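First to last, the protein sequences are chains A and B.
Going by the working numbering, 67 is the number at position 58 of the first sequence; the sequence numbering is gapless.
Going by the working numbering, 444 is the number at position 435 of the second sequence; the sequence numbering is gapless.
Bear in mind the hints are in silico, worked out from the structure with no lab data behind them.
Remember, predicted model here, so these are calculated numbers, not experimental data.
There may be inaccurate statements among the hints.
Copies of the same chain are indistinguishable here, so a pair counts whether it falls within one copy or spans any two.
[Stated by the list, open to error] Listed next, the in silico EDC-like pairs over lysine to aspartate or glutamate satisfying Cα-Cα at most 20 Å (straight line):
(1) Lys45 <-> Asp416
(2) Lys556 <-> Asp446
(3) Lys556 <-> Asp42
(4) Lys45 <-> Glu384
(5) Lys56 <-> Asp42
Number of protein chains: 2
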Amino acid sequence: METGVEEAIPGRSLPIARIVAPRSVAVVGASEDVGKFGGRVIHYLQKHGFPGRILPINPNRATIRGLPAYPRVSAAPEPADVAILAVPAASLEAQVADCAAAGVGACIVITGKLAEAGLEGAALQDRVLGIARAAGMRLVGPNCLGIFNPVDRAMLSSSLALEEDGYAPGGIGLVSQSGALMGTLLSFGRHHGARFSRCISVGNQADLALEDFLAFLLEDAATRAIGLYIEGLRDPARFRGLLRTARQAGKPVFIVKAGRSEAGAQAARSHTASLAGAFPAFEAVCRDAGAVLMEDPQAMVLACDAAIRLPRWPAAELGLAPIASSGGSTVTFADMLPGAGLRVARMSTATRAVLGRWMPESHVALPVDTGSFHEGTSGDGLSACIRAFMADPDVGAVVVPMTTQPDMAGRTALFPPLAREGGKPLLYLMTAGAVGDASRAVMRAADFPFFDRMSDALAVARALDAEAAGRLRAAAPPPARPDGAGPAPALPPGALTEGEAKRLLAAYGIPVTRERAAATVEEAIIAARAIGFPVVLKGVSRAVVHKSDLGLVRLKLRDEAALAAAFTEVAAALEAAAPGQAEGCVVQEMARGEAELFLGATHDPQFGPMVLAGAGGVLVEFLHDVRMAPAPLSAADARALIEGLRVAPVLRGLRGRPGSDVEAAAEALVRLSWLAADLGPRLVELDVNPLILRAAGQGAIVVDARATLTEETTR
Amino acid sequence: METGVEEAIPGRSLPIARIVAPRSVAVVGASEDVGKFGGRVIHYLQKHGFPGRILPINPNRATIRGLPAYPRVSAAPEPADVAILAVPAASLEAQVADCAAAGVGACIVITGKLAEAGLEGAALQDRVLGIARAAGMRLVGPNCLGIFNPVDRAMLSSSLALEEDGYAPGGIGLVSQSGALMGTLLSFGRHHGARFSRCISVGNQADLALEDFLAFLLEDAATRAIGLYIEGLRDPARFRGLLRTARQAGKPVFIVKAGRSEAGAQAARSHTASLAGAFPAFEAVCRDAGAVLMEDPQAMVLACDAAIRLPRWPAAELGLAPIASSGGSTVTFADMLPGAGLRVARMSTATRAVLGRWMPESHVALPVDTGSFHEGTSGDGLSACIRAFMADPDVGAVVVPMTTQPDMAGRTALFPPLAREGGKPLLYLMTAGAVGDASRAVMRAADFPFFDRMSDALAVARALDAEAAGRLRAAAPPPARPDGAGPAPALPPGALTEGEAKRLLAAYGIPVTRERAAATVEEAIIAARAIGFPVVLKGVSRAVVHKSDLGLVRLKLRDEAALAAAFTEVAAALEAAAPGQAEGCVVQEMARGEAELFLGATHDPQFGPMVLAGAGGVLVEFLHDVRMAPAPLSAADARALIEGLRVAPVLRGLRGRPGSDVEAAAEALVRLSWLAADLGPRLVELDVNPLILRAAGQGAIVVDARATLTEETTR
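All chains should be built: construct the whole structure from the sequences, respecting the hints.
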């Protein structure tokens, strides 16, 4: 198992487990005034029952909040495990040096205006890091908001979220590149009864990074589900490995990644001085590793909580069974499912039979309105229907969108036992305001999640379904190299000609159109006779990217006359388009089929080799119908990737048209993925556009391709 | 102005204004026990300070809750304006008859298991309605939850939502086909400080329908914004007119319509015995009338509230300006915008200059992280930036996604005056739990909306933007009939031939391909010479719908030999496909262009004539890229409809390709809309597929069309 938890060197390099649960904490800038940072930190340590020693540091006071104070960290009677600093940037360097001299294990640096603020701050951050490294002292931050550890009652933060009483310990581990967001989520989760193990604000990650804390949480027995708010990664390869480890450890990971949108990406860069990586590659890696990417941090916390406190969502792509006494709430919830990528369950015959006992046959349908139950059967019928749904193989979860009704709290109490007995999630929605508080209290007392918003329940249902998909992925065998995939031939650096790119593809067993070079009309005609009419004629130059835009491609040449005429024109166009760089003409087989796809390969600077598939031809550009996956990938993943395209119905055959050979396209994608994996950073990009898919069982063939390689020595 | 508020006939046919604010209320089945319906109704009337007379009806008691009780409604000392009944279905008929005999103005019938439960219930409902009609007594319901009227303190309901204290009067009028949902929304809104004028649960709408109450709310001075939860309409044409009236009255209407999804549609049908109409036509009519269709009833209430209590969103399709002290919250909010159909604003030079005073030039970007402000400038900088955004023409609203921070409540108090001064919406988000309650209290005290969820703020921003679009639509001139649009030629009922369909289109000035009938090869050749090669040959039979699937269409016939060969084949295929129903062949002009569209016209059973446009050819089927509008429509609307298609970028010209004549396509759509309007219910459907768009300025032409008419006498 890959982890980042270092062994403790005695007196130096404190392990994260001790930083998160220190025996002693020095608070630099301690104060009696809770309006000040240093006052709040001590107040919160005390208020939340910190069991270790608190060492207030203040040169002007003998005691603070009843504790003996010391003028400097180095003047304290013992070297603190952790020092918390939120001093002005101007005095940070001296204070960190004093901590280092005193043998402090780790500094949590709240101070901001460092690397995130510009070059001057970055230089100061580097100096501070140098001091810490030299002393074997760890740093959390700077520009962070500290650590919440309800398990050990170590609330090492000045966050106002700590104004709330009693954060009971639980299983949610959070790591966040935004401290304020983290504090907010802690308070938000508490309303729902969600409980946390450790929450870490990593700030600028000068020393300890998100990956280090993620590794810690994977080994941490208290943590059962993990939420991450990420702006940019320090070590993408390690991060990817840790996501896989999380799956093996049975700990679901839910992630919100800043920078999905262009504006978000820009802001995330300026915010914590970390590069927000390309989102599509990040998304592909998360899916591959079985982690769940979400949009909304609030929903992320609810999903972590649901993953811990609800029974497991049994498998991916299951339906939901909404049932409640309000037709209005179940119908609107059902209406919102397709927009969230979800669906209503299809009831089994057994389930229908059960429902038929409680309501008129004409009303047996999902969503279920218990208002249609036979007179006086509401409570019993509700329980019986929920039991039937729990046993129905197409049901992923039961949803109860409750509205105001008599004895709400009593009715509410029915659900936790039904969910536990049934072994599937039950999403309980209480959308009313204060009048629903008694019901919420029932759920808190039963240690059962509830939702205040239909939108929250939808986001969590989608996350739990994706989590189930990730769980199943983890059990799938790793990709295997197909016969005849590689090795790559020797090729020049830079832009390849179409012929070179196709040679590369052919070396991985990917079918390409037959072609022959032709320097003259006569050679072209001989080539065409060998290949068979109709043919395609193309002008070749590595200086030209979009050949068809420049008149360098002539399709469907049916006979020698047409070919001869085309040759003259293409040769002229070629000289015009790439003077002095023309590399002659090629005659190609004219491939036809039922459908076309775009395939691509690239090397992501963060995550390495990637493949793409998308709608072919001009559609790829306006539909943005492209999906990405890390390379190499398995045949099943390649198939799923292609089947996930919006254009998939066209591939399968529309309105009686024959389906196309998706299987062959998937194989081509697998082979391309091994090519990408083998070339590694040498591959800048490779586009196949189009891959022509023949009728099912007839194969697929690359009609055009282009590729660019770097110099072998440059990376 | 169209309204549904009838004049009061003295003593009979009470106007809705009096039903909603009665002077006296008889409660049938009154009880001391608040566990019982009749007990709760009286309790809530008293608790919420009903100023009129309450007449408890109970044959077994002299007084109830301190009030004199009467054995029957007809035994009370005066005829009540309103009687509330939640008696068992078995005694409903007798009780309603007694109310009628007593001269009661209206019965609010909570009793369920009527038309929604099956045939027996429907028969009872009809009898009850007959009794009421005969007496000139109005009915609300049955199967409803009554009326909340905070303006007149008339809470005529047993809903548990009335357990909450003090529903202060406000401007939101609600009409709902789900009573339980309505009570829930009332309580939900109250948490946010949203206040209501009148909320009406209409149930099965045996007598008074949603349209009646909507008409009432349009005239009601207390109501400033309207929310509707609709399952099915009783009078779609009247409803559409009322939406237009709402626009003229300056009252925005926000609607959640059940049945968007298939499962939802099914459930809505079974739920209140009302037909859930086709969603796309409903959506088109709402957009046309300037009403805002939403998905989530909770968000609908927040949108109504925001429309009343926030300054107006200035115009459609503006951007948002997120600003806060947490980079994490502003970035994730910005990331969620594109998914909600929204975007970050583009800052003007003036705005950039203001921001540059408060933060390093490198950080001047949206979203704004006030953490990057120069030291000590946070409060002033925040106000200055918000003022700049308020003045920026691309900003529709400022968004402040607040996270936990020192002096949250004090900071919160800054925003209401800034929004009021700036005259644009400011969406204030407090996503923390209890630690944010002090800030929420500040907003309630300032009478200013707040949001607990990013998802709520997104949904409301989208709704306000759509509301602005609707406001601007209302100011647009009505559609004008273009020259030469109609009249329609006489045509046979049933399926038309392609030629007949094209004649119909041509009569409305829509260009169609030239064609000539040809009974023999010789005639075909003569026709082709007149039209000019290449030509198209088609076999004609009104029995055949998809001609190309049967080999009845031959394209690109370049010369007489090719035409002659094709003629023989098509003639044979035609006899095979439609034995005895062949109507000969036609030779057509071969049209070419840059792009193609699908156009359609139909007559919606609820809303009348409709036109559609979508991606042409095979794309229309797999992209579901179709938009609908009521006919006739204006040129501007036709253009907007086509520009709104996903395929629009292709029409405008991709990657250097010439753009196509969208203007001509829009004109064809306008002319088609007059055709649909003129034919009315005679038109079953008319498809143009494809309309070929030539290069910009070169026009568009119908290549194929089919149509079906009903018998003129059938509708």
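- Using 20 Å as the alpha carbon limit, work out where Lys556 and Asp446 are close: within a copy, between copies, both or neither. neither (67 Å within a copy, 63 Å between copies)
- Task: Up to 20 Å between alpha-carbons, please classify Lys556 paired with Asp42: within, between, both or neither.
- Result: Answer is neither: 72 Å inside a copy and 85 Å across each miss the 20 Å cutoff.
- Query: How would you label the pair Lys45, Asp416 (within, between, both, or neither) given a Cα cut-off of 20 Å?
  - Reply: between (47 Å within a copy, 11 Å between copies)
- Query: 20 Å Cα cut-off: does Lys45 pair with Glu384 within a copy, between copies, both or neither?
  - Reply: Intra 63 Å, inter 16 Å, cutoff 20 Å: inter-copy only.
- Message: If the cut is 20 Å between Cα atoms, do Lys56 and Asp42 qualify within a copy, between copies, both or neither?
- Response: within (15 Å within a copy, 46 Å between copies)
The structure is inconsistent with the numbered hints 2 and 3, although it conforms to all the rest.
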